[in-house]
Amino acid sequence: MTLSIAGFEVSLAPTMRPEDSAASQSAPFRPSKTELPQGFQRTAKSASFPVTTIFEQDVAIPMRDGVKLYCDIFRPKGKSNIPAILIWSPYGKGGNGPHGLHMIEGRFGVPEERLSGFEKFEGLDPADWVGHDYAVLNVDLRGCWNSEGTIPWLGSQDGRDGYDAIEYVAQTEWCSGKVALAGNSWLAMSQWFIAAEQPPSLAAFAPWEGANDFYRDTLCRGGTPYPYQRFWKVLESSMVGRGQVEAITEMLNRFPLYNDYWEDKRARLHRVKAPCYVLASYSTSLHTSGSIGGFNALGCETKWLRVHPKQEWSDLYSEESTQDLRRFFDYFTKNLQNGWQKTPRVRVSLLPYNEPPIENKPFSAYPVPQTVYQKLYLTEGGELSPQPPSSASTLSYAADFVPTQPDHNPEELQFHYQFQKPTWLLGYSKVVLHVSASLPQDLDVFVQLRKMDRSGVILQHMNVSVEQLSPPKTSPEEVSNSCFLKYLGPTGALRATHAGTKISSADPNAWPEYRHDKKEAVLAADEVRRLDVPIWPAGMVFQPGESLVLKVAGHYMSMMEFELLNDHLGLPNKGRHTLHLGQDDCSHLVVPLVEPF
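The opening residue of the sequence shown carries number 1 in full-length UniProt numbering; numbering runs sequentially from there.
Because the hints were derived from the structure by calculation, they are not lab data.
One or more of the hints may lead you astray.
Label-pair distances were calculated between CB atoms; the ranges are [what the hints assert, rightly or not]:
# : residue 1 : residue 2 : range
1 : His-132   : Ser-505   : 40 to 48 angstroms
2 : Lys-574   : Thr-394   : 17 to 25 angstroms
3 : Ala-521   : Glu-112   : 50 to 58 angstroms
Where is the CB? At the ideal position from N, CA and C, for every residue including glycine.
The whole structure should be built from the sequences, with the hints applied where relevant.
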């Protein structure tokens, strides 16, 4: 089997077979139609169905090229002319795969009793929706499980398949002709591509936390594949199907620079016409920038953004979020005049770290119109100063130092700014660094923003409170060092040889963006190069006496999704890196500040 995308022959990797024990709870392929009676529970602990539900299993959906995809359909008995919600992913059709809330201790704060067990991982629970006269379709995308073909890693093929599925479902005897898309993470990323194909029956979609440009947003942030190539390799290796999967990490090894293959992994958001409800959070290390950037790039005017303070699945399955999403879908798929159109265009959360989060602050746009950009200069004394240093100086760190755990690593430079009045840091930051290396190399630099309390302690935010974990914990120290559960602060990265691909902007405060389509020469020993490093969006609350901390290092400084990925293997840097401060080399940080209200 061969696969070609944009003229590039694609590397393929094997998948686990559905029958393999590693594929977890494999459900047998069994096209059938049954009734789940009102009150039905999959297990004694599962949430029950509120109405009698028609459950159609392994229903074939034909694609334009003859390939068949398979889905499970849940719809209320005796109801017709109802909208459908399409849940689209590679993770199995409902509680039957290796991916799920069981992957980490505490179930991300989602108790087993909250869900029916028929939900796709990261998808809506059918039991939450059939009682409100919706059908939910859990689709295994191309090549996954028993669906035919080769598994695509997002891209135009996935978009075309989604178009075909939507139009097929819209013509079923029970459907009103209006179809919605929903889901989180991969399920959100795929929605961008499907909506860009402009399916006529797509009434609304809700990409809740999904990158829209796979290379730039997540796989190779700042042009450096470390460390997220490792995460995506783990996911690639856990795909289940009867064929092969696009080997995305091998393609990055073959094509480390942006080209037409990677362009196929970038959704054409300017083409989107359907109403959209975008969700973002700070906790994800994969999707924050892509979610907010996707909202801004959408071609439709009927769009909303909410930035929440929790772990993504904790928010996805909360009753409040489910009700909010239902209002959105009711308005656009059922024409219910429920006041949704009065919802603020942008709602954001902010993290005090040492107090409960601030949620749902309304704004008209993101970045918010009230933003004032503050330039802070890095000084030899470790301060962030509004005034540039009067003389030149340098600071250095061991770039090849292998860190052991967050906040206990000596080879991380720190710079501090203490606030004198209540302040919000809200939006995109950037740092301009003038850097050299002791040895010739393709230098990577990593930065992070943190909050320090009045006593000098650098803080962490729990994305799910220890009491909400299932079973609960008594302190954060008992919780694994996973970015799913602990958020440190926004990060940024840049590979020095990609600095020349920066997209020009007349706005001095513009967030740096890069084409990543060519390389400059590798740094010679002691050669100084300017690096404009983009830092992901943040929402941080500071009180008088509390401080903003900028960290600079030769390694990634946040936690990975799983502790086994925290060992920092594959670090490319070597020798010492030096920051040049003052005079002609005024390294500085630019932060978006907002007066609290």
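Hint by hint, here is what the structure shows:
For the pair His-132 and Ser-505, the beta carbons lie near 45 angstroms from each other, so the given range of 40 to 48 angstroms is met. Take Lys-574 and Thr-394: their Cβ atoms lie about 18 angstroms apart, and the range 17 to 25 angstroms holds. Between Ala-521 and Glu-112 the Cβ separation comes to about 56 angstroms, which falls inside the hinted range of 50 to 58 angstroms.
Every hint from the earlier list agrees with this structure, and none is contradicted.
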